[in-house]
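For the record, the sequence lines run as chains A and B.
1348 is the number of the first residue of the first sequence in the numbering used here; add one for each residue after it.
1348 is the number of the first residue of the second sequence in the numbering used here; add one for each residue after it.
Source of the hints: derived by calculation from the structure; they are not laboratory data.
All values derive from a computational prediction rather than experimental measurement.
Among the hints, a few may not be true.
Since copy identity is lost for identical chains, a pair holds within one copy or between any two.
Taking lysine to any residue pairs in the SDA-like style, the calculated list, with each CA pair at most 20 Å apart, reads [unchecked claim]:
hint: 1; residue 1: K1555; residue 2: G1380
hint: 2; residue 1: K1555; residue 2: P1575
hint: 3; residue 1: K1501; residue 2: G1533
hint: 4; residue 1: K1491; residue 2: K1501
hint: 5; residue 1: K1501; residue 2: G1759
hint: 6; residue 1: K1555; residue 2: E1571
hint: 7; residue 1: K1501; residue 2: S1534
Number of protein chains: 2
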Amino acid sequence: MSASRFRLPAFLVDFFWKFPHVFFLLKWLLISGIVGVLVGSASAFFLVSLDWVTNWRESHVWIIAFLPVAGFCVGCLYYYFGKTVEAGNNLLLDNIHRPSGIIPFRMAPLVLFGTLVTHLFGGSAGREGTALQIGGSTADQLTKLLGLRPRDRKFLLIAGIAAGFGSVFGTPMAGAVFGLEVFLVGSLRYNALIPAFAASIFADLTTKAWQVGHTHYQIPIVPELTLPFVLYAAGAGAVFGLCSIVFGELTHEIGAYLKRILAFAPLRPLVGGAVVALAVWALGTTKYIGLGIPTILESFQTHLPPYDFLIKILLTAITLGASFKGGEVTPLFFIGATLGNALSYVLPLPVGLLAGMGFVAVFAGATNTPLACTIMALELFGVACGPYVAIACIIAYVFSGHRGIYGSQRIGQSKH
Amino acid sequence: MSASRFRLPAFLVDFFWKFPHVFFLLKWLLISGIVGVLVGSASAFFLVSLDWVTNWRESHVWIIAFLPVAGFCVGCLYYYFGKTVEAGNNLLLDNIHRPSGIIPFRMAPLVLFGTLVTHLFGGSAGREGTALQIGGSTADQLTKLLGLRPRDRKFLLIAGIAAGFGSVFGTPMAGAVFGLEVFLVGSLRYNALIPAFAASIFADLTTKAWQVGHTHYQIPIVPELTLPFVLYAAGAGAVFGLCSIVFGELTHEIGAYLKRILAFAPLRPLVGGAVVALAVWALGTTKYIGLGIPTILESFQTHLPPYDFLIKILLTAITLGASFKGGEVTPLFFIGATLGNALSYVLPLPVGLLAGMGFVAVFAGATNTPLACTIMALELFGVACGPYVAIACIIAYVFSGHRGIYGSQRIGQSKH
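Chain A on its own, in the form it takes in the complex (with noise of 0.2 Å):
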């Protein structure tokens, strides 16, 4: 126990030093506030820019002609300026595995303005992804400012992801089990349950009291559950589960092959961007590209062309594949939501439940976080889904494999 660096008052030393627990408890409500406010605003920041950005896109479409160039510039400032934050994610990971120096603060920045070209100039990609940077290297700060040990600086990156995750999705609770799940397939620890939930909390009460509010989604009609309704919950979580493994293998096969033949780096970009220009011009839509949240809105309510998922699952791979910033999550929901809708045409089950359980399966299967993902279904379609949401993705998280899309998360256990 580190009470006495603090100095605290001899009695309050001996009153924790009898009970830890609530030294610990304290300790954590105390930091987690700290990372929840910073995180938290952060988030409600990159929501209202990444709104704002989304907007003007839509109304000067022609700025996508550019979207070869912008990738370039971001190439260039990250290959000067980026290197030791590149592995984005997976350095946060890393550090939770093997903690080594503190994670840069600039990644922040550098994440944010990153993301927000990839989004004005219309690549398709996320936004998680830029909040866990954001949530971790903004935490890590704090690494040093307090003086925290190894184990403190896990939690601490924990709680950074949870707040991230929580905040920008305004679920706090799957924001938390994510936290605590992500970092290890195959099992969750309970020791850093007060910082992930306290950070994730804390960091959307912060965004929501700077009055960002997040999207709603409904699932229309959830039918009674029955025997054959299991079973043909079940036959989609497997499909969603397959799908996660095409996006993974696709984004990083495309990643491979770009690294392959562009030695340097900020030249990827510019030809993925190219690649992602050009479709939407023979497309003639931009419903794929940026997050798509309308497409995923239509997708609870009525059939789309059962092709739509197949489409995004492409652009996004290119997208991402060519290090274009932004984060896989978004459009996982997009390729889920849509493969759900789709798979109304063969399961009779409501299109709004598939589109709901593929909504959260597919990124369930591709993050191997299957508790957190059911978690987020209830916050954010409500209870009565809940079994069927649970099969798909337990289902999904099953049948995708070893591999996730983040690299470096381990294997703490088999899957079956």
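Based on the hints, put chain B in the right spot on chain A.
Same frame as chain A, now just chain B:
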């Protein structure tokens, strides 16, 4: 993989060797289906007879005078025929850790009969201990029948526990997570996700197919979360955690004391039953015995006497310390809900919300299952109370120390 033992066609064996997760999924859907139907049916029968017994007692309260004699008879039954299954829940947990001989099936009828006697004659006890033991011992009979290996047997026991819990409370997701997290404090393993969730969902479906319903609880008002409310919830969580220690220690002490002074085991429920029967006569009310559902429901709506939880702790500790059969959980719900209700005299949170938080948090502290309890609250009360309940359950878990009500739980990891 043991596909060949069932002599599947060669092409299927090849397929399953190539895709072991498909085999794993199909195998456990099937096994969990059987477990679910058996345990769900047993739960339905148990719930209906428990209801009948409770109603009969309430309209013939003179029967409570015979509680000592009834306790003596059940004590003799266990003394002469039930020595091997007397350890109850702890025997199940022990077998998950260190598989030994198959759990005798007689555990199920004995605990069912013993619990009905407890409730008919007016002991203060629960029902989930009974559900877990029916579930676990029923499931374990399949071990020999299907020729399962040790790891599969472990999964089977987890499935049985999940099915028992999920079907008796009508909360399939909480049941599954409870089965996964109860045997090891501080850690949750993912490899049994499918057996646990499938068994719990199938069991709940079965109980509902038998037209057996569950109590509906409702938290009338959940205010928007704010910083002061987070701190109130944390304070309440600490009190709930301490309460679960008091309950656990008192039950333990009374049990140890009776063991010391009464060598012949059946005499213990005779004495304990006499004390409880006298207490009911002195108090002039039956609200503190049995399951106490009416008082639990009331605690969500209006202010109750602030000492309700103390009387319930005392009567339950005597009933269970004297080896009456039943369980701790419904009394823990009662104790938590009335303690939460009492806290509304000092904390400015709505009385129903505090009752709901206590309902699950005292239970979370006593059994070391904070995630199952949080999910249970979502399933029973809806999503709105989520962050309040999560805070209360997690802090109760951290404050409840390393000894819970199940002696055979192992410490996987320190709590802080």
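Results of checking the hints against the structure:
1. Within a single copy, K1555 and G1380 get their C-alpha atoms as close as 15 Å, which meets the 20 Å cut-off; across copies the closest is 44 Å, which misses it.
2. For a Cα distance limit of 20 Å, the shortest separation of K1555 from P1575 across copies, 15 Å, qualifies, whereas the shortest one inside one copy, 41 Å, does not.
3. In this assembly of identical chains, K1501 and G1533 lie within 20 Å of each other by CA distance both inside one copy and across copies; the values are 19 Å within and 17 Å between.
4. Taking CA atoms no more than 20 Å apart as the test, K1491 paired with K1501 passes inside one copy only; the shortest distance there is 13 Å, against 45 Å between copies.
5. Both within a single protomer and between protomers do K1501 and G1759 lie at most 20 Å apart by alpha-carbon distance, with minima of 17 Å and 19 Å respectively.
6. Proximity of K1555 and E1571 under a CA criterion of 20 Å is satisfied inter-copy only: 11 Å between copies versus 34 Å inside one chain copy.
7. For a Cα distance limit of 20 Å, the shortest separation of K1501 from S1534 qualifies both inside one copy, at 16 Å, and across copies, at 17 Å.
Hint violations for this structure: none, all hints satisfied.
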